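Undergrad: Fit chain G to the known structure of chain Z by using the hints.
2 protein chains.
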Amino acid sequence: MSETWLDEIRWTDDGLVPVIAQQTGSGKVVMFAWMNRESLALSYTGGYAVYWSRSRNKLWRKGEESGNRQKIVSISIDCDEDVLLLEIEQEGGISCHTGRESCFYRTLQDGVWQKNSPVLKDPAEIYKK
Amino acid sequence: MSETWLDEIRWTDDGLVPVIAQQTGSGKVVMFAWMNRESLALSYTGGYAVYWSRSRNKLWRKGEESGNRQKIVSISIDCDEDVLLLEIEQEGGISCHTGRESCFYRTLQDGVWQKNSPVLKDPAEIYKK
Numbered sequence: 001m002s003e004t005w006l007d008e009i010r011w012t013d014d015g016l017v018p019v020i021a022q023q024t025g026s027g028k029v030v031m032f033a034w035m036n037r038e039s040l041a042l043s044y045t046g047g048y049a050v051y052w053s054r055s056r057n058k059l060w061r062k063g064e065e066s067g068n069r070q071k072i073v074s075i076s077i078d079c080d081e082d083v084l085l086l087e088i089e090q091e092g093g094i095s096c097h098t099g100r101e102s103c104f105y106r107t108l109q110d111g112v113w114q115k116n117s118p119v120l121k122d123p124a125e126i127y128k129k
Numbered sequence: 001m002s003e004t005w006l007d008e009i010r011w012t013d014d015g016l017v018p019v020i021a022q023q024t025g026s027g028k029v030v031m032f033a034w035m036n037r038e039s040l041a042l043s044y045t046g047g048y049a050v051y052w053s054r055s056r057n058k059l060w061r062k063g064e065e066s067g068n069r070q071k072i073v074s075i076s077i078d079c080d081e082d083v084l085l086l087e088i089e090q091e092g093g094i095s096c097h098t099g100r101e102s103c104f105y106r107t108l109q110d111g112v113w114q115k116n117s118p119v120l121k122d123p124a125e126i127y128k129k
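These protein sequences, in sequence, are chains Z and G.
The numbering of the first sequence is the UniProt record's numbering, which starts it at 1 and goes up by one.
The numbering of the second sequence is the UniProt record's numbering, which starts it at 1 and goes up by one.
The following block holds chain Z by itself, in its conformation from the complex:
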């Protein structure tokens, strides 16, 4: 496969690109993460989101442990070619490690971050071995 499309991305000095994951259909923004070249190539060829974990410094196959994989519907790039937008189908309906649909579950109200959505599944249940 030609990798010209990968070369067109303006990677950070660390070789990463920020990625926004958005649920297809509802349009809900569920997650923000990073990819490196390898994880993006794997995402595209495999059809499921693979990120780069900056904290663990390794590939992060989303849903590997929880089962909540993200099937990729489309990959878009912004005008500056340095941010990606993933349209995904979230398996299990849970993107966040807290057991919620979206990681963006707190909204500013009167100067306080207030929870806006419920825990759908106990993380202890999601991540048990």
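In case anyone wonders, no lab produced these hints; they're calculated from the structure.
Accuracy of the hints is not assured; some may be wrong.
[Stated by the list, open to error] List of simulated lysine to aspartate or glutamate pairs, EDC-like, C-alpha gap at most 16 Å:
hint, chain 1, residue 1, chain 2, residue 2
1, G, 115, Z, 8
2, G, 115, Z, 80
3, G, 58, G, 14
4, Z, 58, Z, 38
5, Z, 115, G, 8
6, Z, 28, Z, 89
7, G, 115, Z, 81
8, Z, 115, Z, 101
Just so you know, these numbers come straight off a predicted model, no measurement behind them.
TA: Only chain G this time, still in chain Z's reference frame:
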């Protein structure tokens, strides 16, 4: 006003936080940018998005030149407290400097970034003085 909510954000070493802007109603992700503490405080108190331009190293009052301001509907934060999601009402219906609704106007198809949406207004018209 208490600034506790600003202290809860995990700013980068450069004092910034990544921000996703999403059109209210349609849910379309239109832009990705950065804010520093001052620009976020100004956004919240003023009701219109003010970003931090990393290329120009100064406050960027979105729409100041084009008139395409972003009225803030809500501000949400992610589970790690290091990314913001802005629900906005895009004045003029154009977020991108190319004259398109969204900056994410190219989608990967068969290994090529293909344009997915039209220019609504000629940038030369948008940015003329």
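Undergrad: So which of the earlier hints does this model not fit?
TA: Result: no hint breaks.
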